[in-house]
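Fit chain B to the supplied structure of chain A, relying on the hints for placement.
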Amino acid sequence: MRPSPSPLAPLGLTCCLSFVALSPALAAADEEAQEDTSSVFVIRAAQVVVRPGEVLENTAILVRDGRIVRIAADLETPDGAVEVQGEVVCAGFIDPWSALGLDGSVLDDRSSDAATRTADGVDLFSNDHLRAEALRAGVTLARLQGGYRAAVGGLGAFVRLDPALDSASEAIVDDSAGLAMSLGLSLPGSMRFSRGSDGSLRMLSGDRAVDVFDRVEAVDRVAAAIETGRQYREREVEYRYELEEWQKAIDEKTLKLEKDFKKAKKSRKKDQDKAEDKGKEFKEKKYKEDKRPRAPKFNAERAELARVAAGETPLVVEVHRASEIRNLLEATKGFTRLRLVIAGASESLSVAAELAERSVPVIVWPSLSGTSRPDELSASDLSLAGNLAAEGVTVLLGSGGRDAAAARDLPLLAALAVGHGLDPELAFKALTSLSAETFDLADRLGSVEIGKDADLLVLDAMPFHPGASVRYVFSGGRLAITPEN
Amino acid sequence: MNQQLFPTLFGALVALSLASAASAQAGDSNIVIKAGKVITNAGETIENGTIVIQNGRITAVGQGIEYPWNAEVKEYPGSVAFPGFVEAHSSRGMDRANENIDVAAFLNVKDSIDPVSFYFEDALRAGVTTINVQQGDECVVGGMGYIVKPTGMTVEEMTVRPNSGLAMSATPKRGKSRATQAQSLREVFSGLQRYLEDTVGDKRQGLDHATREALYQGREADEETAKGRSMAGSTWKVDGLELIPRWEIDEKQAPLLKIVEGNQRMFVFCDSAQAVALALEVATDNGFLHRTSLVLEGTSWKAADMIAQRGVPVILSESLMYRERDPVSGEMIETFVPKVFQDKGVRFALRGGSTASKGLWYQAALCVGYGLTRDQALAATTTTSADLIGLGDRIGSLEVGKDGNVVIFSGDPLSVKSFVEFVVIEGELVYDRSNDTRVLHLDTGAQPENTAPHDPNADFKPHGKAEVPDDDGSDTDAGENEEEHEEDEESDADDKHDDDKENEDK
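From first to last, the protein sequence lines are chains A and B.
Heads up: the first sequence runs through residues 0 to 484, numbered per numbering that gives the first Met the number 0.
Heads up: the second sequence runs through residues 0 to 505, numbered per numbering that gives the first Met the number 0.
Honestly, the hints are just simulated from the structure, not real lab data.
Keep in mind the model is a prediction, meaning the values are calculated, not measured.
Any given hint might turn out to be false.
To be verified - Restricting the straight-line Cα-Cα distance to at most 16 Å, the calculated cross-link-like pairs of lysine to aspartate or glutamate (EDC-like) are:
id, chain 1, residue 1, chain 2, residue 2
1, B, K175, A, E448
2, A, K284, B, E219
3, A, K282, A, D270
4, B, K33, B, E398
5, A, K290, B, E219
6, A, K262, B, E219
7, A, K261, B, E219
8, A, K255, A, E288
9, A, K296, B, E196
10, A, K296, A, E235
Said to hold, decoys possible - Heads up, incomplete: computed chain B residues facing chain A, CB under 7 Å, no partners named:
id, residue
11, S176
12, T179
13, A181
14, Q182
15, Q192
16, R193
17, L195
18, R203
19, Q204
20, E212
21, A272
22, K301
Ideal Cβ placement from N, Cα and C applies to all residues, glycine included.
Just chain A, same shape as in the assembly (with noise of 0.2 Å):
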């Protein structure tokens, strides 16, 4: 983030001011909840980054409830409200791939599927100094994902940070973020044997890579998936309108039958009097209508693929080598709705023209640790994200999806990640808005804009400068951190 106010700053401003002239209702919303001021903050701060690149000095926050009322140069504190002071104010940050609050169990769940919800498996109970430290570090936000194993890991789960909150209703922002898949990922590791150059039998243990054969059919599968789920689509949408016009065809029998009634009785009683007459058994008449439509047979996995198949729900795969990052948006061409989202992708550099042309979004992760996963060893490459920028691939940052506590670092690799050559504007966008876009939740968070959820960072320094450090983190509109506590 460059620490000058971009030229949009203006234009920012005066969307802002004149978005709350236009606000009549929530000014008067303002005045009313006042005996409630335990919510109720008002933000000051020197630098306003309302959104990557726009920043506006000398502004004033109005938090009440939980979200950003007012933006305003000249905004009075109502009494009771809470006033913190700041250098710099910016939207919190969003992980979009962390493990932070998973189960165990959960995250190395392989008997997932398509309709597991990672939700599920968060423990809001435990690891609660975890989420207070990356809560300290700026992060309010991240996307869980379980099963990282699994073929499918099902679905993804947006879980706000703060440690006070332990229902999840409270906790669980989104519970069907995104619908994860992995491809051709390292097995966990077993003994296993090999035979060196000296011909001397050495002893390796540690991660091991898929066998090549398993991995032949492995992007037909994810293809085969969606594909599945399309047809489930399709057939729901043709089991309706086979249903509204069967509805239609019997709706105008019916009327038909109650008209001809009484001909009908009179009819019946012709033919009983002329069967009694004969002596023979009275038979009633044969009736006869189109069966109604069956309703296809609910799948609770496929009804989720649907929606990935239809772009409702966005589809994330774990995926690390060029070949089968290029076989996959190969497979996947046909699914003009699919918005996929590629995870790891540690090849991803020599398919960042593919990439880039089909704007399939790639969640790296920059590591000071690096991985011994032998499928996936540039994964933690700090210069990936910066490379991947230059050639016009959108790219986001996360924190592996492995371990907790590396969620805390999140804005450090995102440092070193600017240190190695990605743009800081663009590193501040990956922690916020554009996490917040892909995976549809741009409406309440990702920036600091009227009507947000109240997501915010008080700095002391521009983010990502080596000086700035957190002193009041807003999560939801509660004051959780403060420089005290």
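Then chain B, alone, in the frame of chain A:
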């Protein structure tokens, strides 16, 4: 004189025979228990009290009260009479309980109960008079529970009340993660929902078709079709099911529908706070929260606030002390779980441990040791437990109208020095310590009748090949003796295992 006497005598004889006939008809004779102290669990403790049990029910409790002349009087001047402990949720006393079929609402634990299980014998010895047996703590829906008394040779004889409630588990079973367990649990009820929608849809469809057919054929529609509700027997008291007679629901779905209908208790097993959150969510979403009790283990107590807020009672597992290390400071933190629930105003019952030495009396005594009052501890093992299994009006205290279940302790029921001398269940003496073969053997080394002496130094002899010093074919008895011994060892092993676990925790 003879002529005068005869009618009187005859009359008396007739009256006597009538009286005995009446008592024979009712099934039980009258029994009166006099004890040095009567702990009623309902108000004051009575010194030198008398309990009158007629036809299996308590008809009077008090000091110096009158009782029928023909009652059998049992006097225990130095002992304490107590209502007997109630086990609200037991996973023992079964032979190969179902822990395999995930969703088994159609199973009844009645079929798994093993009347000759050592557990029941031991329950009497520990003063437990009523046990709710449940299976499927490791399933998704484990099946229907069954309430028994620990005496009798068949399940029918043991029955106190069938169908105590359905067991459900929010704890992931082996091979499942929390997320997939939650998925399965929700699927049980969304599956039921879809099944009902289909059933109702088909029914309505059939009726509409019948209406159109009648119109076409020129006749009046029949009554059921015309009125749009079932004429065949009683229907479900669930909105939207007015058309469906009770018997038309699939037997796999019916027990679940009873839960949704609010006619069935539900026991949800939880091993963690997360599982509690899930259990409460599923119970709330499907409308059976008010019929739910949570069976808790592990970190579940951390969700105590949530439980208190919903007003759900809980049944606490064997280990009442939770130990954990603070992840930051490394400090050891101990939490006494019953105290947490007591302080939050949550109704709780205790479960007996997996060994006889950690029976309900021990759990209650532990509570007193950690600061709960005596009344609170006793309620958690008697009256509250009875309430949670729907027998609050029948057992748990010595009051008029309740079942004649009385345990005679040699001293205070919560004292480690007291033991159970006699147990009366529904007015029948079912345990007498002076006839307890195992106790006699332990206490005095007395050799049980028809058994071969057991020599601990002897070499192990395979079953059926034991050398019998005396004759009269006591081969099989020797085998039984060995089995007995094995079981003792097993419980010892359990004890040890528990100790290990505790050490680990420390």
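Structure-based check of each hint:
Between B/K175 and A/E448, the direct Cα distance comes to roughly 42 Å. Violation of the 16 Å bound is thereby established for this hinted pair. For the suggested pair A/K284 and B/E219, the alpha carbons sit about 14 Å apart, so the restraint of at most 16 Å is met. The hinted pair formed by A/K282 and A/D270 meets the criterion: a straight-line CA distance of about 9 Å does not exceed 16 Å. Restraint check for B/K33 and B/E398: satisfied, since their Cα atoms lie roughly 15 Å apart, inside the 16 Å limit.
About 23 Å separates the Cα atoms of A/K290 and B/E219, which puts this hinted pair outside 16 Å; it is violated. Only pairs whose Cα atoms come within 16 Å are accepted, and A/K262 paired with B/E219 is accepted, the gap being roughly 13 Å. Between the alpha carbons of A/K261 and B/E219 the distance comes to roughly 11 Å, so the proposed pair stays at or under 16 Å and holds. For the proposed pair A/K255 and A/E288, the alpha carbon gap of about 13 Å is at most 16 Å, so the pair holds.
Restraint check for A/K296 and B/E196: satisfied, since their Cα atoms lie roughly 13 Å apart, inside the 16 Å limit. Our distance criterion of 16 Å between C-alpha atoms is met by A/K296 and A/E235, whose separation comes to about 10 Å. Contact between B/S176 and chain A, as hinted, is supported at the beta carbon level, the nearest pair being about 4 Å apart and thus within 7 Å. With a cut of 7 Å, the hint placing B/T179 at the interface with chain A holds, because the nearest CB-to-CB distance is about 5 Å.
About 4 Å separates the beta-carbon of B/A181 from the nearest beta-carbon of chain A, less than 7 Å, and the hint is met. The restraint placing B/Q182 at the interface with chain A holds, with a minimum CB-CB distance near 5 Å, inside the 7 Å limit. Because the smallest distance between the Cβ of B/Q192 and any Cβ of chain A comes to about 10 Å, over 7 Å, the interface hint for this residue is violated. At its closest, the beta carbon of B/R193 sits 6 Å from a beta carbon of chain A; the interface hint therefore holds under the 7 Å criterion.
For the restraint placing B/L195 at the interface with chain A, the shortest Cβ-Cβ distance is roughly 13 Å, beyond the 7 Å limit, so the hint is violated. Because the closest C-beta pair between B/R203 and chain A is about 11 Å apart, greater than 7 Å, the hint is violated. Nearest Cβ of chain A to the Cβ of B/Q204: about 6 Å, under the 7 Å cut. The hint holds. The closest approach between the C-beta of B/E212 and any C-beta of chain A is roughly 4 Å, which is under the 7 Å cut-off, so the hint is satisfied.
Interface hint at B/A272: satisfied, since its Cβ lies 4 Å from the closest Cβ of chain A, which is below the 7 Å cut-off. Proximity of B/K301 to chain A holds as hinted, the smallest CB-CB distance being about 5 Å (cut-off 7 Å).
Hints 1, 5, 15, 17 and 18 from the earlier list are contradicted by this structure; the remaining hints agree with it.
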